[in-house]
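Participant: With chain E held as given, fit chain Y onto it using these hints.
Quick mapping for you: the protein sequence lines, in order, are chains E and Y. Just so we're aligned: 227 in the working numbering is position 33 of the first sequence, and the numbers increase by one with no gaps anywhere. Just so we're aligned: 88 in the working numbering is position 76 of the second sequence, and the numbers increase by one with no gaps anywhere.
No lab work stands behind these hints, which were simulated from the structure alone. Please note that the accuracy of each hint is not assured.
[Stated by the list, open to error] Derived list of chain Y stretches under chain E, where covered just means 3 residues or more per stretch with a C-beta under 8 angstroms from a C-beta of chain E: (1) 23-33; (2) 50-62.
[Stated by the list, open to error] From chain E, some residues computed to sit far from chain Y (all C-beta separations above 12 angstroms): (3) S212; (4) Q232; (5) K258; (6) L262.
[Stated by the list, open to error] List time: in silico DMTMM-like cross-link candidates among lysine to aspartate or glutamate, alpha-carbon distance up to 20 angstroms: (7) K69(Y) with D96(Y); (8) K235(E) with E281(E); (9) K235(E) with D51(Y); (10) K214(E) with D304(E); (11) K235(E) with D282(E); (12) K235(E) with E17(Y); (13) K258(E) with D221(E); (14) K13(Y) with E253(E); (15) K69(Y) with D79(Y); (16) K258(E) with D304(E); (17) K249(E) with E216(E); (18) K235(E) with D96(Y).
This one's a predicted model, so the numbers in the text were calculated from it and none came from an experiment. Heads up, the beta-carbon is just placed ideally off N, CA and C, and yes, glycines get one too.
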Amino acid sequence: GAVVSQHPSWVICKSGTSVKIECRSLDFQATTMFWYRQFPKQSLMLMATSNEGSKATYEQGVEKDKFLINHASLTLSTLTVTSAHPEDSSFYICSASHPGQFYQPQHFGDGTRLSIL
Amino acid sequence: KNQVEQSPQSLIILEGKNCTLQCNYTVSPFSNLRWYKQDTGRGPVSLTIMTFSENTKSNGRYTATLDADTKQSSLHITASQLSDSASYICVVSALITGANNLFFGTGTRLTVIP
Numbered sequence: 195g196a197v198v199s200q201h202p203s204w205v206i207c208k209s210g211t212s213v214k215i216e217c218r219s220l221d222f223q224a225t226t227m228f229w230y231r232q233f234p235k236q237s238l239m240l241m242a243t244s245n246e247g248s249k250a251t252y253e254q255g256v257e258k259d260k261f262l263i264n265h266a267s268l269t270l271s272t273l274t275v276t277s278a279h280p281e282d283s284s285f286y287i288c289s290a291s292h293p294g295q296f297y298q299p300q301h302f303g304d305g306t307r308l309s310i311l
Numbered sequence: 013k014n015q016v017e018q019s020p021q022s023l024i025i026l027e028g029k030n031c032t033l034q035c036n037y038t039v040s041p042f043s044n045l046r047w048y049k050q051d052t053g054r055g056p057v058s059l060t061i062m063t064f065s066e067n068t069k070s071n072g073r074y075t076a077t078l079d080a081d082t083k084q085s086s087l088h089i090t091a092s093q094l095s096d097s098a099s100y101i102c103v104v105s106a107l108i109t110g111a112n113n114l115f116f117g118t119g120t121r122l123t124v125i126p
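Bound conformation, chain E alone (with noise of 0.2 angstroms):
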């Protein structure tokens, strides 16, 4: 079935670093990908929506220039969150949906856990 891999799993690193994490579908062209962060024992909330080859749409309250996102192939979206603080901490997942299927089931990557110290 259609595999979403992200890179890396997990991430610790110092206040005001950018880390860039990596959102690939394996086998299937993926023209919107999805950017979800989650807090402990609560659920996934979207970030923004990536699209192939333009802007992506940010959620209401997500600053754009904190968390940017560039999605410049079909298979490949990134997310860098700039001059990351603790704050920031938390666990990031991102999703897609197999153009060809019907309904669209999302497939999800197994997140990536950045802690920042």
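Facilitator: For chain Y alone, coordinates are given in the frame of chain E:
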């Protein structure tokens, strides 16, 4: 307002027992409802997807039901196993244009103990 509510928030059961998780939604217009299993530190994995006309769908020991009239769904787990310990998330899709049409429940955290 489009919302998805799940209950209970958490549940502890003995291995081998059955359990049922609930999902109520107010999402409109309704497109489909999905149940996902999320292991700790992992991304969600799809268990079932149901459309308006489907009342029940099974995936192994998981059986989901949908009542589109009352806007309720349930996920029944039969003969639970230790590996069933996870969060179970109900996601409802609205039939609207644009990409942001998924509404997530807060999940039920299931713990299966030996």
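Participant: Hint by hint, note whether the structure agrees.
Facilitator: For each hint, the structure was consulted:
1. 23-33: n = 0 at 8 angstroms, threshold three: violated.
2. 50-62: n = 7 at 8 angstroms, threshold three: holds.
3. S212: holds (23 angstroms)
4. Q232: violated (9 angstroms)
5. K258: The claim stands: K258(E) keeps its Cβ more than 12 angstroms from every Cβ of chain Y (closest is about 15 angstroms).
6. L262: holds (19 angstroms)
7. K69(Y) with D96(Y): Between K69(Y) and D96(Y) the Cα gap is close to 18 angstroms, so the pair holds against 20 angstroms.
8. K235(E) with E281(E): Status holds; Cα separation ~16 angstroms.
9. K235(E) with D51(Y): Holds, because 12 angstroms separates the two Cα atoms, which is no more than 20 angstroms.
10. K214(E) with D304(E): Roughly 16 angstroms between the alpha carbons, so the hint for K214(E) and D304(E) holds.
11. K235(E) with D282(E): holds (16 angstroms)
12. K235(E) with E17(Y): holds (15 angstroms)
13. K258(E) with D221(E): Answer violated: K258(E) to D221(E) is near 29 angstroms, above 20 angstroms.
14. K13(Y) with E253(E): Since the Cα atoms of K13(Y) and E253(E) sit roughly 17 angstroms apart, the hinted pair holds (cutoff 20 angstroms).
15. K69(Y) with D79(Y): Status holds; Cα separation ~12 angstroms.
16. K258(E) with D304(E): violated (23 angstroms)
17. K249(E) with E216(E): holds (17 angstroms)
18. K235(E) with D96(Y): holds (17 angstroms)
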